[in-house]
Every structure is written in structure tokens, then in C-alpha cells.
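Participant: Letter by letter, the chains look like this.
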Amino acid sequence: MQKLLRHFAGAAAGLGTALAAGAAFAQDAAEATPVIDTGDTSWMLISTVLVAMMIVPALGLFYGGLVRTKNMLSVLVQVFAIGCLMMILWVLYGYSLAFTEGNAVYGGLSKAFLAGITPDSVSGTIPELVFVCFQMTFAALTPALIVGAFAERIKFSALLIFSALWFTFSYIPMAHMVWGGGWLQGDGALDFAGGTVVHINAGVAGLVGCLMLGKRIGYGREAMPPHSLTLTMVGAALLWMGWFGFNAGSAAAAGGGAALAMINTFTATAGAALAWLFVEWAVKGKPSLLGIVSGVIAGLVAVTPAAGFAGPVGSIVLGAVASVICFFFCTTIKNRFGYDDSLDVFNIHGVGGIVGSILTGVLVAPSLGGTGIDGFDMGSQLWTQTVATVVGIGWSAIVSLILFFLIDKTIGLRVSTDEEREGLDLSSHGERAYHY
Amino acid sequence: MQKLLRHFAGAAAGLGTALAAGAAFAQDAAEATPVIDTGDTSWMLISTVLVAMMIVPALGLFYGGLVRTKNMLSVLVQVFAIGCLMMILWVLYGYSLAFTEGNAVYGGLSKAFLAGITPDSVSGTIPELVFVCFQMTFAALTPALIVGAFAERIKFSALLIFSALWFTFSYIPMAHMVWGGGWLQGDGALDFAGGTVVHINAGVAGLVGCLMLGKRIGYGREAMPPHSLTLTMVGAALLWMGWFGFNAGSAAAAGGGAALAMINTFTATAGAALAWLFVEWAVKGKPSLLGIVSGVIAGLVAVTPAAGFAGPVGSIVLGAVASVICFFFCTTIKNRFGYDDSLDVFNIHGVGGIVGSILTGVLVAPSLGGTGIDGFDMGSQLWTQTVATVVGIGWSAIVSLILFFLIDKTIGLRVSTDEEREGLDLSSHGERAYHY
Amino acid sequence: MQKLLRHFAGAAAGLGTALAAGAAFAQDAAEATPVIDTGDTSWMLISTVLVAMMIVPALGLFYGGLVRTKNMLSVLVQVFAIGCLMMILWVLYGYSLAFTEGNAVYGGLSKAFLAGITPDSVSGTIPELVFVCFQMTFAALTPALIVGAFAERIKFSALLIFSALWFTFSYIPMAHMVWGGGWLQGDGALDFAGGTVVHINAGVAGLVGCLMLGKRIGYGREAMPPHSLTLTMVGAALLWMGWFGFNAGSAAAAGGGAALAMINTFTATAGAALAWLFVEWAVKGKPSLLGIVSGVIAGLVAVTPAAGFAGPVGSIVLGAVASVICFFFCTTIKNRFGYDDSLDVFNIHGVGGIVGSILTGVLVAPSLGGTGIDGFDMGSQLWTQTVATVVGIGWSAIVSLILFFLIDKTIGLRVSTDEEREGLDLSSHGERAYHY
Amino acid sequence: MKLITAIIKPYKFDEVRDALTAIGVEGMTVTEVKGFGRQKGQTEIYRGAEYSTNLMPKLRLELVVADDMAERGIEAIQHAGRTGTIGDGKIFVTDVSEVVRIRTGDRNELAL
Amino acid sequence: MKLITAIIKPYKFDEVRDALTAIGVEGMTVTEVKGFGRQKGQTEIYRGAEYSTNLMPKLRLELVVADDMAERGIEAIQHAGRTGTIGDGKIFVTDVSEVVRIRTGDRNELAL
Amino acid sequence: MKLITAIIKPYKFDEVRDALTAIGVEGMTVTEVKGFGRQKGQTEIYRGAEYSTNLMPKLRLELVVADDMAERGIEAIQHAGRTGTIGDGKIFVTDVSEVVRIRTGDRNELAL
Ligand SMILES: Nc1ncnc2c1ncn2[C@@H]1O[C@H](COP(=O)(O)OP(=O)(O)O)[C@@H](O)[C@H]1O
Ligand SMILES: Nc1ncnc2c1ncn2[C@@H]1O[C@H](COP(=O)(O)OP(=O)(O)O)[C@@H](O)[C@H]1O
Ligand SMILES: Nc1ncnc2c1ncn2[C@@H]1O[C@H](COP(=O)(O)OP(=O)(O)O)[C@@H](O)[C@H]1O
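Residue numbers (this note's numbering), protein chains in the order written: chain B, 714 to 1149; chain A, 714 to 1149; chain C, 714 to 1149; chain W, 16 to 127; chain E, 16 to 127; chain Y, 16 to 127.
These aren't lab readings, by the way, just hints derived from the structure by calculation. You can trust all of the hints, since none of them are fake.
Taking lysine-lysine and the DSS-like style, the derived pairs with C-alpha atoms no more than 27 Å apart in a straight line are:
#, chain 1, residue 1, chain 2, residue 2
1, A, 868, W, 55
2, A, 999, C, 868
3, B, 997, W, 55
4, E, 27, C, 928
5, E, 17, W, 17
6, E, 17, Y, 55
7, A, 999, E, 55
8, C, 997, B, 868
9, Y, 17, E, 49
10, Y, 27, Y, 49
11, B, 1122, B, 928
12, B, 999, A, 868
13, Y, 27, B, 868
14, C, 928, A, 999
15, Y, 27, W, 55
16, W, 27, W, 55
17, A, 997, E, 55
18, C, 999, Y, 49
19, W, 17, E, 55
20, C, 1047, C, 928
21, E, 17, Y, 49
22, C, 868, C, 928
23, Y, 49, W, 49
24, C, 999, B, 1122
25, E, 55, C, 868
Chain B extracted, bound-state conformation (with noise of 0.2 Å):
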């Protein structure tokens, strides 16, 4: 990718390279005396912001207002804990793995603990340390989104050290071979802003998790509605806002190419939102709330490797196409095959994640409003984006696979059975979320 977009009018640069570039080989570079762009710089602080709150409360309340009330609090923990526990793995080793120099999938240790890396080293435009963050928060987020695929079940300290050992053995190796100069990265795969790192990464997780760790309790016999809506859409809401953050940040400028990334944002999400009510109007006789949010979260995810080659127009059908695919899974899939994927982690992100990555090859095309890249062609293209979409999913499968495996057969993944009856809150925590 980086070859090809050095070609290509810098609108669109995807923050992998552009940032990689200057926070991997600023040795190099030192020579240029680059220099701080404030502009630059406030928006990839206020980005990372964006992409923090995306974590909590944003995830958090997405997910924590889907399950019961008696899973409340362990949602809301799980996530806080993790994204707590990534961002300090991320400055003692993770940074360093996967944005140094190293090898095809793993960078090397020069900047553990980040080591040499001052409030005055520059990458890119920016200083090396808003980049660490904005990084940062991109780490801690991918392994929270998993959760959602076993949630009411899982026993806290199995979550705790899968997604340690996951983060390590999967959330690295994908951002080094994506963005830190690795495997993926020369092979011209377009993926603006993790597509592949990001969401099929942990969909792909979600779903070996759920297999593995069996069905809830009474699922499918029970009814098990979402405790609070109303939640769920702030959740929604919250994550779409921070999303401009984690899109159009990764411009990595404060200039064409962010704004390029935000309306897609804008226009692919609300094209996915008003598609997924409009076929559960048709298709199930009413539009729903959660239709709409879940439309709004396909939509997102769809765009994420889209956001700085498609044109505006082009990303609304994107949304769309994500949408109606992601439906399908949600209410078709899922029920013919039996998986209790309980929050529909693979249904949304790997399923919109598998869409988006592989029609980004197709809306990248200048003749559909998008960007175009040096030298494109479509059936090439498309190739390409295959290729990388089944290494992502490849990767993650493998990875899961193995660690889930592994923690069941040591310390055990499910929490007994009184547990989960009684519900996580007071059983792993010993806390009850609501007493009105």
C-alpha cells in the first residue's frame, strides 16, 4: 500500500503509511527537520479523543444496554478492563511490535516502554507520542469488541487473559503487517482505517469464541430482550461520533483527506441506517430502534477501510449493501446455523468488515466517484483486497482458535451455572447496576 499511495494525491493518505512511515524510520527523516503542524496535531489529539470515547462509554453502553440487567455491570467492566489493560501493554511492548522495524509480522522491542520517544519526536506532521496515542486507543478498542460475541457467560479472568495473549498473538502481528511496514502492507491492499486490523480481526474472534464457549443458558428457549434501548442507542450514537475520530483521523492531516473520510463516514453510515429499517419494515413488519442502530454500526464498519477512496455517493450504496448483508446474518445466519453470537460481533463487524474490505476494491474506482490509486484496475484490485480479507480472516481464526482452547483446557472460559443464572453482576462482581 505505502508504494502505491506515495503516488497517489496525498487527499486520501490512509494513516497506516503516512504515520508508520514517519513514526518507523524518523531516523531517516531527521535530516528534513520536521516540524509540528499545530493544525495536524490538534485534530489527531482531538481524534484520539474521539476514538477513546468510543471505548467507554461509547462500546460499554452499545453493548451493556443489549444484554439483561443481571449482565449489566460485567459488560461494562469487561470493556473498561480491557481497554485499561491494552493501553498499558501498548507502552510497555505493543507499540513497539508493531510499529518499529522487524519482520513480516512482528516489529522489534527498540521501543519498549517507548523508549527514546520525547514530547519532541516527530512523526509525520505531529508529534511520535499523540501518534502513539491515537494508535493507542485503536489497540485498546479492537479486543472490547469481542466481548460482545460471548457476553453473559464468559468468566472475567479467562476475558482478562485471552485478550492479553490475544492482543499480543493477533491485535499486533495484523497492525504490523497492515500498517508498521510488515507482510500486508507492500502488497497494495487498500485499508483506510483498519477494516481488516480492526473488525475482522474481532468479528472473526467473536464468532470461534462463541462457538467455543457454548450457547447461553435458556438461548433460544427464554426470552432474553435488551435490558435498555435506550442505551444502546447512546452506545450507537456515541460510537458513530467517535468514528469520525477513528476515519478521519486516520488522515492523520487536518485537510482534503479527512474531509473526504468524515462525509463517507456521514453518508455511508445514514445509507446503512435507513436501509436496514427499511427491510425490517418490509421484511418484518415494523422499523425498529435496533434496526436502525444496527444499520448505523454496519455502516460504520463497511466504510472503515473505505473512508479515504470512495466518494460520497459511492459510500452511501456501500452502507447500504454492508446493511442488508449484515440483516441477513443478524436474522437468517444466525438462527439456521445455531451460533449464540449474543451481541452479533461477527454478524456486524466481521460480516460489514468482509463487505467493506472487498468493495472497497470496487468504489476506490474513479469512474464510481472514488479517489482512484495509481495504475487501478479493478479485477486486480479486487484481488487484492480478497487476499488481505482472508489472511485477516485467516490470522484471527487460527489465533482464537488456539488461545481459546487453550484457557478452557487450564483455568475454564464459562462461569458455572448458578453463576450465570443469577447473573454476572453479583456473581463475578458483586455489584447490581440499578436499584431505582
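Guided by the hints, dock chains A, C, W, E and Y with the ligands onto chain B, whose structure is given.
Facilitator: Chains A, C, W, E and Y with the ligands in isolation, oriented as in the chain B frame:
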């Protein structure tokens, strides 16, 4: 306004002028090779996110908390769906009709589907796509504001159709008239961030709507207390935060103009909040949370047209005066005339907007701490403000009247009595907000 | 501090110094024709919004979730009303008394009513009005922090009067002493973003208040569980997000200093959150949501003075240490001494602030990854830090003691027993938070 | 004395209370309950999951009255609570052997 | 056996429970209810609308006791639940013909 | 007619309802309650404060049946509601002197 503002020190240049000029006449400007200022761009990107956040979750929560539990989700779906629909329409034709050259009321279709706008197009000192996004959020917010006036009883399909038509025949023309080079832009009326286009426009449509739909079943007999003032507080607080983007973003640059708009958005709001609190305390015996947050909204509405013209102390007075008048409408006029403006859209947005629009002509006076404008004369300025206000009221009233009438005669505006009693959540959307 | 900082590389210049200098001595600087940097301005505008968001909704929700349902709205009204009142007082005289030249304790009144400040006034590299707004949010937040210590029992009118007086006699002098050119500014104490002025100041006032008001009826006998930990989580998460503006905004520029403050605001918080979680898990048997979010706040408080001085790894340690000490106060000291610091304002803000203030003197050491300061000597720096801390504690304690005493003897501090039992929502504000 | 327990549609509460007040009933106790019976609820749909509940929200009124008031109480409730559609609810009457007013210790008819 | 149903002020619950435990009552069932009676509620005001509710929050306790415990139970509740102000609530006693403990199938006195 | 009041564990509700439907019970009224008894609750900890509640969430079912259905109803509930662990709950039976269906005014057996 445009001509007047040109002579004016720049610090408080209203967005409409500054950017519309850049946007609409980008060709002429092309010779001057406009450059992007990353600081301004950064501020406008984040301002856009702030205004988007006003729609969801802020407005959804503010309104949602005020309705009864059984209608909570209906309000959230309405706000969400309208917001998304307007975003699509804005890209398809809204932006072009509002902000390209045309006649006194509408622009042209040359930028329909955002034709010709690339990441490199510049508007003022920011990418044109950022201007498109910023204005998109205003266009998406305004029709959503209206729903509060006839909440808890409107048919969802009727509402979507009304919103699309009202956007086309009331919002776009008003935006073109005031900001896009149309009728009112040349007459010197001051409207910094959209008092007329947004608040008067929406408030009047709400009044017409609640009169045409009639009262809720049980209105005046049954208790209809807000189901969650906590959520209403969150909504109001986030509206305030978003309004910093709305008002200070309307300066279109990160400079003294934005700074003035920001401090006024603090002081007017604080003044209005305390005014409502103390008046309620004196008149009703107790100061309430709903009172203070109602004051917050009244103050924000009132300062919208004045944010870049008044001084910080003048704004305190502006907020307090508007707040007391809105209090009077909510507690006395509404009961006296018996219209069921369920969530006080007219009583706060309409009335506060009118008060703000007219007092802007007073508070701009340098003797009162305002910025002044070239050749200022309070009498004539007040006249100009009144004319613009009356045009806004009249236009919105007539368009809304026709639209509501037509929809009522075709598909009908209201749900059935049974559905209304059951609550719109279940009857229209097939969900319940809470399962505690 | 000012002198010391001048020698210091700029990256970590505390806001107080950098801007106060600009603000207070704008005349002198005028010759140098200061120019606005749009990038810095953009960052300070959004930082201001972030800090404002800490007041409402963040603090309101954090505190509100912790009280019983019947007192929910009272907390929200208190926070909202105090915030608004302080904004008005800040414009009227607060800013002038804190940030103009005067004696060791107070500035002058030359800028009362913001006299002489126009949109073109510059402070450092940003408009002075932005500096006024940014500082206004600190001034509005601090008195609101105190209410948690005596929640569920204070008389609303007494609270408003206390807040206005405490603001005038404790907040303003402390701000002037530390940031505005007063007594403590010259002695070399390090306080990057307000550990003394904000947290120690508020925490100590809270302790005095809860001692003077006495315990809640039923304290220690009846169960008083938080009515919604979900809301508390949202509040804590938003406080964290806002704190990025608080700390990184205190760099007053979008550069390396802000970057350092931001990463420390991540790592200290994550470290503190996990420390509380694991200590609670070990000591009480279960890791709780309230535990992890309490850790978040403890970490944020502790890193406030250190944000621009410590290194990212040092901050992890700082957060963890402060968190464990605060845990000890909340779970042991409070019960041992029997004060009813209802929402642990002293136990977290006071104690965390003191720990942070003192450890800043350690962690600034370059050998520990800190930025260092000119002529650093750990022993003497620790002494300086201790002096400033003790002054903060003493000043706030004495002022609070006098004020609470006077109010108690005149209009009384507490509501009646019946009102307390009924709940303040109904008895003081005439509303109920929820009607599900 | 008799304990009249009535299950009614929630939105009929104001009318029923007024009817009871009109005949001199001065107190009652109200509980939010769910009713299971002939009346079927709306189907709720949450993504892939559809739930058609048979539990309808109802109000349960409990009022103790003197023996001679019982029949009038029943009639007042039946009249005011009726909509004529399925799900209007039931009234049950049981005997009460003793009533105490906590405030005063008054017993039986005196306590009502 | 007797079923004692008591409507009390919520904040009196701990005292009443302790009083009942003291005389040997080992179980009871508690419901949050609204009481309508002499006691008048606070007026609530929401912008233009004022509601003065007569529905006060109460707790409803239900305990089945052996016949010989009934009077002591009533007295314990009346004593502990009393504040002397309007709205303290009522106690009703009805006969119970049969009691079953679900866990064991034990009947009547054995089941208590 | 008899009023059967059953206190059960919430998650047993579906089974109990199915068992009752199977024997021909067509209606019942359900209330969320808290049960105080032998079963002890989890300790909740909130920073410095620890609460060990003895109030456990339960469902209270109320069903009026014809006299000859009473015993079968009791058995159905006892069977379906049983887990064998402490806290399974109780069943109480009281006499009902009159039943009215609000919709039609039907009385007694007709009203069930
Ligand atoms: N046998 C019963 N015992 C207790 N409550 C009942 C019984 N049958 C019905 N109910 C209550 O009465 C309500 C209305 O009953 P339903 O059969 O739906 O309508 P209707 O009374 O109009 O025939 C139910 O929701 C339930 O709360
Ligand atoms: N006739 C009644 N039947 C059932 N409950 C009653 C009756 N009268 C009163 N109650 C309950 O007792 C509560 C207290 O009654 P109220 O008349 O307010 O005070 P007091 O019992 O002190 O005279 C009421 O709120 C209601 O719940
Ligand atoms: N004497 C009683 N009167 C009313 N309800 C009771 C009584 N004893 C128990 N209960 C109810 O039955 C539930 C279960 O009782 P418990 O003593 O915990 O277990 P078990 O019935 O298995 O012995 C309690 O939670 C309470 O709701």
C-alpha cells in the same frame, strides 16, 4: 448581510457569509489559489462532530426523557431516521440547492450529488467537503427538532414524508435566502449561526404541527410526567456542548470570532439557566432540574443569532430575558391557549428564536459591548431584524400548513387511538425501551 | 514556577504560566505583535468544550448514579446550578481577580466584566477570550466537585451561597497564587493542570463540609447502594474524556507538551483503574465496576499536577500508587473515623490530589523518565511540593470552615429530617427523576 | 370485612379510582403486575429474536371494605374498568378477619 | 394459618423486619406498591404541568403464620411500623387453608 | 373457588406457566416481589460499604381456580417450580367468595 459584513472586522464574520461566499463562487476565487489552514480545518472538523452529536444522542435523549416510557423509542427512531434521511438528501440535492447560485429562493443543481467537489476543493480556508459536512449537520438537525411538538402521536411514515418535504420546501429555501446568496442575505439582517433558518423555522413548524394533529389522548386529564429527567439532563448538557460547535463553528475559523461566539455560548446559557431557575423558584415555589435545563435550551436558542455580535455581558442579559419569556410561554400561554406542544418546541425554539433574532439588533451595539457593524443604527437594524424574523415565521408556517394538510388528507397524520394508548414503541416499532 | 519554567524546554509548560503571562501582561507583549496560531486555538477551543463537558453531563452523572433514586435530581440541579453561577461570576469578577496583576493573594479588578478584552486580544498564541473560557470551565467545575461530599442532605439555597463565597475566597485566591502571578507561582512548585487549585482545594472543602453537616439519616444502618452504576460509569468515562482537555489543554498549545500530557492521562488512569480492580479483587474477593471507575478518577486526579512532567511509564506507577491509597481511604479510613463523605470527594480528590502533588516532585526526575526541570534536586523539589500542598490544604480548610459555620448559624445547612427522608428531589425540587 | 382484589387495564385506573371515591372508598393499594390470560400481547422483535409475550401490563387494586360496601365496590370497579375488549381483567373477593390501622392501632371497621 | 398483609412506609421496613424476626417469623414476601388514602403526596411540577398525586410509595408485606402467631405478628408490625403520622398504613388478616413448601412438598405448619 | 398464591424463583416461571397451562389454567397474575426467608443473598460491595441482603427476587403468581382444580394446580406448581435448593418458595391457598369478569360481568366459575 454579506455586504455589511465585508466591512466588519472579521472576528465575528458569520459562517453563512464567509463560507458560502467561498463555496458558491469558488471558481472566481480559484485564481487566488486558496490554501487550506489546518488549524481552521481542524476546528471545523470537530465542530461538525459536535453539531452531529446534537442530533444523536443529544436531541434524542433530551426529547426522549420527556415522553412517557411507552413512547421513548418512537422519539429516538424519529430523530435518528430523520437525521439520516436528511444527510442523504443533503448530498443528493440539498447542498446544491442551498449553496450554489440561483434565484432569490433556490440555488441550482450544478452540485447535485456533490458533483465536481473533490478533496482538493477549497471553501474559504477549509476543504469544501468540510463545509458540506458542517452544513449537513445543520440540515439534519433542524427537521429533527420539530418532532417534539407532536411527539407521542404521529404516524412514523407520515413523519418521514413530512420531513423530506419540509426540508425541501422550507429548510433549503430559508438556508439559501439567508446564507446561500438569496433574498435575505443582501438586506443586512444579522443571524450568526441560524436563529431564523434553524430555530424559528423549526419552532413554527412544530406549532403548526401540534395544532393540526390535535392533542394527545388524555392531555390535561392524565398525568404525563417525563419518564426520565436524568436522560433529559444528559440531552440538554450534550446539546450545550454541541452548540459550541454550532455557534463557534459558525465563525468558520479558529480565531477571535470563534472565541467570542464561544464565550457568549457560555454566558447567555448560564444566564438563561439561572433566570429560569430563580423565576420558577419565585413563582412555583421550587427550583427544578427541568427548569434549569429548559433555561439552558432557551438561552442557547436565543444566543444563536447573536453569538458573534453581542458581548459576553450583554449575552447574559439576552439569555435571561429570553428565558423568562419562554418560561411564560411554557407555563402560561400554552395552558391558556390549550395547544399541546408536547415538548415545548415552539415555546422554546420558536419563542426563544424570535427573542434572540430581534435582540441581536440591540446587543450588537458597541455601546452595549457588542461588536458593532458598519453604519449601525439601532432603529433601522431592529426593523431589519424584524423583517427577517417575520419572513422566517411566515414561510415556515405556510409550507408546514400545506404539507400537514396534504399528508393528513392522504395517508393520515396520527396513529389510531389503540396504538396511541398502547404506546408507539410497541405499536409502531415492535420493541420496548426497557426490560429491567 | 514561572521562572523555572522559562528555562524549560517548552514541551511541558504548564498552562498557568504560559498563558497567565500572556494574559496578565498583554500590554508589554503588545509590541511583539502577538499572532494567533489557528492550530493552538483550535485545540484550546475544543479543550474548553471537553472541560465544560466534565461538569455536565459527566460530573452530574458520576455523582448522580451514586446517590439513591430519591436524590438523583438534587445532585443534578446542584452541579448544573453551581456550574452556571460560577460562569457568571467568572465573567463579572473572577477572571479579573485571578488573572490580573495584584497582590500575593488577589489580582485587581481592571478586567471585571471582561472590560477591555476584545475578540482581537491575544494571550500567548490564542485569543484571550479562549483563555478566559478555558479557565472559566476550571472555575465552574471546582465548586461543583465539592457537592458529592455532603450529597443527599444539604439545603439548596445554602449550597448556592456557600459555592459563591467559596469560589470568591478559596478558588480565586488559590488560582491567583498558583497561576495568576501570586504567592506560590514564584516558589517553583510544579502543578501542571491544577492538582492544588482544583482537587486538593475541592477535596478538603468536601471533608470540612461533610463533618460540619453530619451524617445522612440511616448512615451505617440502612443500605444506601448507588441507584445506577451504569450512570456512574458513563460519568466516569466522560470525566476521563474531558480530562484530556483538562490536562493536555493545560499545555496551552497543540504540540509536544499536550502530547505528553495526553499519554500520561492515558497511562496513569489505566494503571490506577487496574490497581483498584486487582486490589479489590484480592482484598474483597471480587473486582467491581465501581472499583475500576473509582480507580479511574483516582488516577486522573493524581496525574493532574504531573501530566506535563512525568513520563508515560512513571505515570503508570503514579496512578497505581494513588489508586491504592485512595482505596484504603474509601474502604478503611472512612469507616474507621466515621465521616460520611458520601461520594468520597475527599477520599479520592483530596487524597489523590495530595499524593499526586507530592509525587510530581519525584516523577519529574529525568532518571525516572520525567522531563526534568532546571536545576532539579529531588529533595528540595519534594519540599517545595509539600509546602504548596500544605498551603492548599490549609487555605481551603480554613475558608470552608468559616463559611460553613456562618451559613449554618444563619440560614442553616441541612434540610429537615422529613425532607431528607422523602428525598430531596421531591422536597426541594418538586420532581421525580423517573416515571417508568 | 371483605378484601376486593381487582386486576384492571392500567389506563382505566383514574376512572376506577374516581368511581370508588364516589361511593365512599377512602383507601386502596395499587400494584403493577403482569397478567396472563386470553389477551395476547404484541410481538417484540430484536434483530433475530422474536418474542410474543402473553404477559400484559395490568394494575392490581386491593381494597378492604366493610361487608355492606363490597357489592357496591365490585359494581363500581366493573362499571368503570370495563372497555368491553378482551383483557379487561377480574375482580376477586375474599374474607378479611381483622384490620388494623398502624398509626392508631384502631381495629376492624374503625380502621378503614 | 393466617396470612398477614401489611402496608407500611418504606423506610420503616428494616425496623418491622427486625421486630418480626425477633418474635420468630422466618419468612415473608415484600412488594413495592402505591398507596391511596388520606395521606397526600407532594405536588410535582414539570414546566407547565402540575400533578398532585395521591399515590404514595409503600411496601406491602405478606407473611403466613401459624394461627397462634397472628396476634403477636400484628402487634410487632403495628409497633415497629408506627410513626404516628398519617399514612402509616394498614394490616389485614385473612385465613389460609393450605400452605406448601415448594422445595420439599411439606404442607401447612411444617411448610412455614 | 380458591386463590392460589405461589412465590417462585423467577427463572422457573416459564416451566410453571407451561405446567399450569397443561392442566387447563387459563389465567393468572404475576408480580415481581422480594422474598425474605432462609435463602441468603450475595453480598454487595460498594467501595467502603457492604450490604448482604436477605431479600431475594421472586415472582408471585396469583391464580383463582375452581375448587376442584386447586389440588392439581398446587401440584403442578410444586412440581414445575422445584429445584430442590433453598429458596424455591411457598404456595398459599385462600378461599375466594366471589369472582367477576370485568369485561362481561360474569360471576364466579363463569368468570374464570
Ligand atoms: N384465573 C385467574 N386468576 C388470576 N388472575 C387472572 C385469572 N384469569 C385472568 N386473570 C387476570 O385477568 C387479566 C385479564 O384476563 P383475560 O383472560 O386476558 O381477559 P378477560 O378477563 O377479559 O377474559 C389477566 O391478564 C390476568 O391478570
Ligand atoms: N381500605 C383500604 N384497603 C387497602 N389498603 C388501604 C386501605 N386504606 C388505606 N390503605 C393503604 O394504607 C395506606 C395508608 O392509608 P392512609 O389512609 O393514607 O393513612 P392511615 O392508615 O394512617 O390512616 C394507604 O396508602 C394504602 O396503601
Ligand atoms: N412465612 C412466609 N410468608 C410469606 N412468604 C414466605 C414465608 N416464608 C417464606 N416465604 C417466601 O418464600 C420464599 C422462599 O423461602 P425460603 O425460606 O428462602 O426457602 P424455602 O421455601 O426453600 O425454605 C421467600 O423468599 C419468601 O418470598
